[in-house]
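J.: Quick mapping for you: the protein sequence lines, in order, are chains V, U, C and R.
Residues in the first sequence are numbered consecutively from 10, following the working numbering.
Residues in the second sequence are numbered consecutively from 10, following the working numbering.
Residues in the third sequence are numbered consecutively from 10, following the working numbering.
Residues in the fourth sequence are numbered consecutively from 10, following the working numbering.
No lab work stands behind these hints, which were simulated from the structure alone.
It is possible that some hints are incorrect.
Any copy will do: because identical chains look the same in the list, a pair fits if it lies in one copy or spans two.
[To be verified] Cross-link-like lysine-lysine pairs, in silico, DSBU-like; alpha carbons within 30 Å at most:
1) K28 - K54
2) K24 - K47
3) K28 - K339
4) K232 - K47
5) K28 - K314
6) K286 - K313
Predicted model, so just to flag it, every value in this text is computed and none were measured.
Take a look at the letters that make up each chain.
There are 4 protein chains.
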Amino acid sequence: MINFQSDYLEGCHPKILEKLIETNFKQSSGYGNDEYTKDAVLKIKKACNKEDIDVHFLVGGTQTNAIVIASILRPHQGVVSAISGHIVDHEAGAIEATGHKVLTLPTDDGKIQAEQVRELYHAHWDNPMRESDVQPGMVYISNPSEMGTLYTKAELESLSKVCRELDLPLFLDGDRLGYALTSPYNDLTLEDIANLCDVFYIGGTKCGALFGEAVVISANPLKRDFRYTMKQRGSVLAKGRLLGIQFSVLFEEDLYFKICGNAVDYALKLRHAFEEKGIELHGHSLANQQFPILTNAQMNVLKKKYGFEVWSKVDESHTVTRFCTSWATKTEDIDALIDDIRLM
Amino acid sequence: MINFQSDYLEGCHPKILEKLIETNFKQSSGYGNDEYTKDAVLKIKKACNKEDIDVHFLVGGTQTNAIVIASILRPHQGVVSAISGHIVDHEAGAIEATGHKVLTLPTDDGKIQAEQVRELYHAHWDNPMRESDVQPGMVYISNPSEMGTLYTKAELESLSKVCRELDLPLFLDGDRLGYALTSPYNDLTLEDIANLCDVFYIGGTKCGALFGEAVVISANPLKRDFRYTMKQRGSVLAKGRLLGIQFSVLFEEDLYFKICGNAVDYALKLRHAFEEKGIELHGHSLANQQFPILTNAQMNVLKKKYGFEVWSKVDESHTVTRFCTSWATKTEDIDALIDDIRLM
Amino acid sequence: MINFQSDYLEGCHPKILEKLIETNFKQSSGYGNDEYTKDAVLKIKKACNKEDIDVHFLVGGTQTNAIVIASILRPHQGVVSAISGHIVDHEAGAIEATGHKVLTLPTDDGKIQAEQVRELYHAHWDNPMRESDVQPGMVYISNPSEMGTLYTKAELESLSKVCRELDLPLFLDGDRLGYALTSPYNDLTLEDIANLCDVFYIGGTKCGALFGEAVVISANPLKRDFRYTMKQRGSVLAKGRLLGIQFSVLFEEDLYFKICGNAVDYALKLRHAFEEKGIELHGHSLANQQFPILTNAQMNVLKKKYGFEVWSKVDESHTVTRFCTSWATKTEDIDALIDDIRLM
Amino acid sequence: MINFQSDYLEGCHPKILEKLIETNFKQSSGYGNDEYTKDAVLKIKKACNKEDIDVHFLVGGTQTNAIVIASILRPHQGVVSAISGHIVDHEAGAIEATGHKVLTLPTDDGKIQAEQVRELYHAHWDNPMRESDVQPGMVYISNPSEMGTLYTKAELESLSKVCRELDLPLFLDGDRLGYALTSPYNDLTLEDIANLCDVFYIGGTKCGALFGEAVVISANPLKRDFRYTMKQRGSVLAKGRLLGIQFSVLFEEDLYFKICGNAVDYALKLRHAFEEKGIELHGHSLANQQFPILTNAQMNVLKKKYGFEVWSKVDESHTVTRFCTSWATKTEDIDALIDDIRLM
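With the hints as constraints, model all of the structure from the sequences given.
T.: This is the structure in structure tokens:
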């Protein structure tokens, strides 16, 4: 069985394991106050081409979203998100557990647009009974979105402009950021994101690390005391060096981008193969996840050899499925799958 | 510089790294639904000699304490702890952040006794204005305690008896449990703990793992829905296998106990060396941490070659210090330190 | 200007003021431990024809909803509500502030049906990734609903049956309960509600009291420790007698039902007048709120003499408005308004 | 039986009842947007001799403390209080329920001093592991304190100075403020308090109102969005006019101060009578509560005719008791009690 079910099926890039072995018996300070972490911070600042950012390392995505959001909002505020956003239905109420409502915006493609934010903002502030309502306090987006679509530079610039005008911090969930930035359809750089967002994170778990997400805070008012919230949520790793080592390796000689770029190449080849076969794809996913709409017969054929995810039912005979590639996907496995699609 | 500052200065036991390498490209399900995790659960059940327990793996201690406590208490209840308990002053208000007060009991040695719990319970329930007070809802202890002391079997039996009588779940924080159970002064087994406590955890981070704590739930009413709270707190690792692999290795052929036992041997040798030198030790620590009370002159001598922690000031010329051994401590380093103590 | 904007424009029924004056200098215990409160509890038990219920008095609706819901749910659970429910968008995120998500169901008429609850329940429990989702933990309805519609006895029986089968406590928000129970279209009694719901409240603020809501808990497991949560939320009135006195007066010789019944008569006369004039009413409101859809011209005419609420825009020339009657509405004011509708 | 058990045994000052009757059928806007509330705000501004303050009305003390504190602190911060503070052990964990720890300071007399705040602040910020600790975020005091003692102007000035220097908002709980300000031993004015504190409240419940507390916010950064937190905590009264009417009456022609002043006179007479009899008083209470230490025999004599509170046991034969006077205390009742003390 060859699995394309998700991008967290394997361990990590071998270079990380090598570094873990090499450093295993070196003694270092705990809680991220170590040399490896310092090195990783420097490399990320360099990759963002920005000195005045704070970088913190966390273990996973839900944890990161909850901590970033809780550190920004005041008790009566909520976070604005696309209705399809990961924080809405996939994080077990983690945001609500910190006392905050998620204010949802409709979306067809997983993205939200600047005008939607502006409208929601004014709908709140123009309401004379606004105090009965949850005040919008920040904006959450992800890139790629839950549907694999990518924000264009123009879209992100508009969002950023509106958010700054309305004093709503903009937070970009970059769980799979490596796969967005290396898509041939992408026109954003890490530097753009660091400049346009107030806070974002660079996902490690799904992009070559054993685990780990690097939070980058650009906006000065959001920097203060961030580590307290991390600590309070039980998210400061005793052996913080593990996160430092991993990001230090991933940001050495662009490894992060190289391995993510390969995965996206494979995914787009796969997309092409489905399209050639006349199989429609759900949404316009341009990164490492592809959502072919398969007939029951096609599903039955493919599931003999391949693992993939059932995403949603279309009708009795059609199903949206998800195939993920990753930093760990092998050329021969993609080739085999493409051959089998052609032969279907 | 040889460091004895803490027991989380290095990576992990080499056998864990070997297993990570061996399994790195094997694909497995996420979120702990993998074969390694299943294997680790089986081994822990065997080590506890108890089938009807639930075992869950979490990343760190503060996270574990907050999740266990939040999963048990109702909103108006608090958790009873020794005033010196880790949850009181060392976890950044993590318990309060889940809405609960920590109800503290005085202690000289880091432990609490059954009678104290009974008194606090009755002080609450005998108060006609009890609804203005926080209701005691569970009891938290740690073994070894924050001061390195150990609960005897008799003490834990008494506590357990009172807690069950009063319907207060008993939670044992086993952050350094390996070092407690392998002390020659200990008379408790893992099986005893599983039988006497309603929930406890077996610490991995400080006992040979890169990170990880194994929560064991014995009491049936506490088992339900535990994973939801884990997920909501962002504590279900995408690559849950990492926790499974580590505990599977640690509980293979008693590795966990062997490596912790070594560390305790070293620590007790160290204790002996201090005592022989006429240096008083703070408290009666019988596990891997020792707290010698050093003069300024002694501190100056030792800090040239050794790292250790300043614990608390006694007076202008005396300081309580902490020396930790761990699974990673080397014989030659302990020998060197003991020689230097003798020569002081 | 004669106001029909809401049902909380005036003070309280004169008999309550009389009783406040009569008792003003009598000394009584605080926090609801007084004779007036005991008397009110007895009268409510009698009105419910049920001995084994707990009755507590709170100050307002949002407070009551938050306390009841927080006292029932475990941290990972959410409350199921119609999308139009008061707790969704009108309480400033009070439910989320207690850590819980509101799980919404679509509705056309403000009510939810038993089958919707069953489907949502199964959608959750059939999801293999259910732990990423918020677990449904109870069901919230209001009667009358936000749109003024009434649950029939058959509907409430079905809901109750499904909720008990699925172990989801059923909570009825009775903010305007008096106006529901006295509608000629209603077939439910207070006794039915006490038997079919696990907890509900009898609204006082909008039904003749200065303020106050009487929470009735029928389900035994929900009774325990309720006053702790009240106290913790700052909702135990020092002079609890004020609530006792008010409900004692309201439930003396059916005063509550008499004054609410009058208000509903007025509202239905108003409804009839609008209908006769060919003015459509939004929804099928059968209690003390009526929602005529007025043209701009009609609005301009009426707003010269009458206060009413703009509910929502239909199109450029039509608006849903709300006219409320209450225990304080005067016959001459209703007559004047009906005359003016006819003359429009 | 004549009761001196507390200062909330009766209803309210008759002038308030008169005003409630007079205004009962006048229609007004809800939620505090009414003329009575506006009038009360103006009067309080005048009494504080300060225009640039925000005034909000809440129902009770625990509610007010929780809302003010939750509106100020960030999630990782705690509130500093005397160990005897009302928020520590008398509010059912209301502060912890909003996610915050109470950081306690020792006290002999119920007050805290500027230097204690400075030390706690530096102990936190000088700690290299400070992120494991809860950051002090504001200071809570009450005047009179829980023990009836009064802050001198010099003490409050020092506290205010330190708090402003350290950027810790200073909040004064004025549950019984009327009784502090009218004590002959007091040298503070309402204006002083408004200038020296960042936020405080003027207690109504215990000082002549049926219920109600007036929150005064002096510090500009604390003003923003306060009503959202009120609403979210279910503390915006639908008939907000009830609070406006009460404070409007209490601040008409200094009624608040007159009635509180009488109560303090009575209490000090009582103190004198106990002292003359050779009965020691616990603490140095200078307002409306007195804490005589009675022998069992004395208690038995007095409890035949008078209600009072048992405060704490001193030894087998002595008990600290509490006698409260209030706006409702009658001259003849005080005279009778004093006679009986003399005859004991």
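J.: List, from low to high, the hint numbers that the structure doesn't satisfy.
T.: Of the numbered hints given earlier, the structure breaks none, since each of them holds.
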